[in-house]
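These are the residues of each chain, in order.
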Amino acid sequence: MDFALTPDQEAVREAVARICRRFDDAYWLAHDRDGIFPHELLQALAADGWLGICIPEEYGGSGLGITEAAIMMQAVAQSGAAMSGASAIHMNIFGLNPVVKFGTDAQKHRMLPPLVAGREQACFGVTEPDAGLDTTRLKTRAEKHGDRYVVHGQKIWTSTAQVAHKILLLARTTPIERVGRKTEGLSLFYTTLDRSRAEVRAIDKMGRKAVDSNQVFFDGMEIPEEDRIGEEGRGFEYILHGLNPERILIAAEAVGVGLVALERATAYARERVVFGRPIGQNQGIQHPLAESWMELEAARLMVMNAAWHYDTGRPAGAAANAAKYLAAEAGFKACTAAVMTHGGFGYAKEYHVERYLREIIIPRLAPVSPQLVLCYIAERVLGLPRSY
Amino acid sequence: MKILVPVKRVVDYNVKVRVKADGTGVETSGVKMSMNPFDEIAVEEAVRLKEKGVATEIVAISMGVAACAETIRTALAMGADRGILVESDADLQPLAVAKLLKAIADKEQPGLIILGKQAIDDDMSATGQMLAALLGWAQGTFASKVVVEGDHALVTREVDGGLETVKLALPAIVTTDLRLNEPRYASLPNIMKARKKPIETIKPADLGVDPAPRLTVLKVVEPAKRQAGVKVGSVAELVAKLRTEAKVI
Ligand SMILES: Cc1cc2nc3c(=O)[nH]c(=O)nc-3n(C[C@H](O)[C@H](O)[C@H](O)COP(=O)(O)OP(=O)(O)OC[C@H]3O[C@@H](n4cnc5c(N)ncnc54)[C@H](O)[C@@H]3O)c2cc1C
Chain A
1 MDFALTPDQE
11 AVREAVARIC
21 RRFDDAYWLA
31 HDRDGIFPHE
41 LLQALAADGW
51 LGICIPEEYG
61 GSGLGITEAA
71 IMMQAVAQSG
81 AAMSGASAIH
91 MNIFGLNPVV
101 KFGTDAQKHR
111 MLPPLVAGRE
121 QACFGVTEPD
131 AGLDTTRLKT
141 RAEKHGDRYV
151 VHGQKIWTST
161 AQVAHKILLL
171 ARTTPIERVG
181 RKTEGLSLFY
191 TTLDRSRAEV
201 RAIDKMGRKA
211 VDSNQVFFDG
221 MEIPEEDRIG
231 EEGRGFEYIL
241 HGLNPERILI
251 AAEAVGVGLV
261 ALERATAYAR
271 ERVVFGRPIG
281 QNQGIQHPLA
291 ESWMELEAAR
301 LMVMNAAWHY
311 DTGRPAGAAA
321 NAAKYLAAEA
331 GFKACTAAVM
341 THGGFGYAKE
351 YHVERYLREI
361 IIPRLAPVSP
371 QLVLCYIAER
381 VLGLPRSY
Chain B
1 MKILVPVKRV
11 VDYNVKVRVK
21 ADGTGVETSG
31 VKMSMNPFDE
41 IAVEEAVRLK
51 EKGVATEIVA
61 ISMGVAACAE
71 TIRTALAMGA
81 DRGILVESDA
91 DLQPLAVAKL
101 LKAIADKEQP
111 GLIILGKQAI
121 DDDMSATGQM
131 LAALLGWAQG
141 TFASKVVVEG
151 DHALVTREVD
161 GGLETVKLAL
171 PAIVTTDLRL
181 NEPRYASLPN
191 IMKARKKPIE
201 TIKPADLGVD
211 PAPRLTVLKV
221 VEPAKRQAGV
231 KVGSVAELVA
241 KLRTEAKVI
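As given, the protein sequences belong to chains A and B, one line each in that order.
Quick note: the working numbering has the first sequence finishing at residue 388, numbered continuously throughout.
Quick note: the working numbering has the second sequence finishing at residue 249, numbered continuously throughout.
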């Protein structure tokens, strides 16, 4: 068993960190204020080929694994970009996995290269206001009319829909009453987000202001048949394939946010002198930070373990869910400790840790809640009866 | 024209170095190692000369333990074409390195060898100059600008009084100063391409060179810790202390 990163993986981390260094605290503070999407970061990473890290080489990518993508996403978040940086590119990195896995060759040639080059951005429309985590209950429907589908319905939390050209959309093509299992009858599309037939309304939210999340209302948006991925009615199954890698990446991002918070707190604890000594000389300040380091390191190892399961073709569900849970909780504790270590200054924007604390809530909530991760582990790993 | 660029594996410039307990050197085990920053500048300059059509091939060379191959890989990801690793566990001092490089230069017949002006581990600033002497070539050290025109190179050097430009007949040696250029980051496609570029591994004996050290390091010690300062209450007190305690006035 070898826990060290390979030289190539070191090179990935190093190169990504160097690009991200160009986007300093002032950049992220400004974007958190004005809410403008961090296009410059996306373009800088695109220019050096980073968005294609796990897209196959024949479609303009580099064909590396989720392990390398996780290392990359941790580096982005850990640079201080936190979720504002990571979420800006998250979709380009792995979002189109269902297209890679289930698209035709023509679709892949059409859909993947523009995303890798940073010419196009995409959003992911799954969550709906009335279905929540019970995805198969989603109500958005795509009705077939000749060689096209017509979409009516509503999505919520669709991130980056303000700037996206494309949407990866899950919609019902056969009513739930007419399918044998509720997981059937859903179809997946990758298509142009036609704003003349889809209204996108930003949600005013707690953090990550630079990367929008939205309500999307579809009123007769048309999708050509050639934009359907795979077979009609099997969309849910296709989406499932991408869930584990998505959890692994978001877990890596959470570790990165936690580590940058810890770095800031440690530096502050070393320098801030109160009662004639650095506050970091007090165990009451040291211990929460030491605890955070251990928890983040354990979570990082779980992320790497989950990525290894996925990249070597092993079942990755348990490890990926555990990684996402552990990383989000460890990150949250680290960000809380970072604010508390700063005392009153932790509450001031210019120390940046309050932004990390607002942003680390996201990997706790999404793409799956901590409760449902626990339900999954109880049922699938421990063999207890399904509770929901 | 072919360019040789020697690249040294050193303790990363961000690492706070610690002296080994036995005083024989600094701790390198478990410490992050990187390419010497001046060598990154040398690789960058070579790649720019290739992009301008001046150079046709760039060969990165590293000497030392097997892990130096990683340093060569970094150079390949920046744009070098192939690598040569001279593998040795010996303590390779500047004269040995210069002799090994001369043997490689005799074989490879480059038009230019670009080296860092010094390595940040021992700060010797000797290899480039020794190599120029061994080869009998012209040298432009501490370069802040390099222009190749036909059969010569114009090298601008930072000297005490300002800038000095020397004209070197090729083949020649150039050593890089900090302001020569800003090295690029390796792009992902180039990191992938670097995996497939060849690295030839040879031993000092293959080059007919005995790399045995000629200098003996007697002792390595930590710099003396700075004493805590004192605050003086007035100019008069300061002057008094300078006179009676520091005895400088
Ligand atoms: C910033 C942000 C960005 C997002 N981006 C996207 C995006 O781009 N695309 C997209 O499709 N979605 C996105 N989401 C949506 C996200 O995936 C969902 O919010 C998440 O899946 C939870 O769904 P819900 O909010 O409807 O919660 P609900 O399903 O309403 O759940 C509410 C709470 O009840 C708990 N709960 C529900 N059922 C049970 C049970 N049986 N047992 C125990 N507890 C239970 C949950 O764990 C949770 O705590 C985003 C969310 C956020 C906050």
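Check each hint, because a few of them may be wrong.
[Unchecked claim] If you only want the chain A side, here are some residues facing chain B, beta carbon under 10 Å, derived:
1) Val12
2) Glu14
3) Val16
4) Arg18
5) Asp48
6) Gly52
7) Pro56
8) Glu57
9) Gly61
10) Ser62
11) Gly63
12) Leu64
13) Gly65
14) Met72
15) Val100
Hints are computed from structural coordinates only; laboratory data are not their basis.
For every residue, glycine included, the Cβ atom is placed at its ideal position computed from N, Cα and C.
Hints and how they fare:
{"no.": "1", "hint": "Val12", "result": "holds, 7 Å"}
{"no.": "2", "hint": "Glu14", "result": "holds, 8 Å"}
{"no.": "3", "hint": "Val16", "result": "holds, 9 Å"}
{"no.": "4", "hint": "Arg18", "result": "holds, 5 Å"}
{"no.": "5", "hint": "Asp48", "result": "holds, 4 Å"}
{"no.": "6", "hint": "Gly52", "result": "holds, 7 Å"}
{"no.": "7", "hint": "Pro56", "result": "violated, 12 Å"}
{"no.": "8", "hint": "Glu57", "result": "holds, 8 Å"}
{"no.": "9", "hint": "Gly61", "result": "holds, 9 Å"}
{"no.": "10", "hint": "Ser62", "result": "holds, 5 Å"}
{"no.": "11", "hint": "Gly63", "result": "holds, 8 Å"}
{"no.": "12", "hint": "Leu64", "result": "holds, 8 Å"}
{"no.": "13", "hint": "Gly65", "result": "violated, 13 Å"}
{"no.": "14", "hint": "Met72", "result": "holds, 9 Å"}
{"no.": "15", "hint": "Val100", "result": "violated, 17 Å"}
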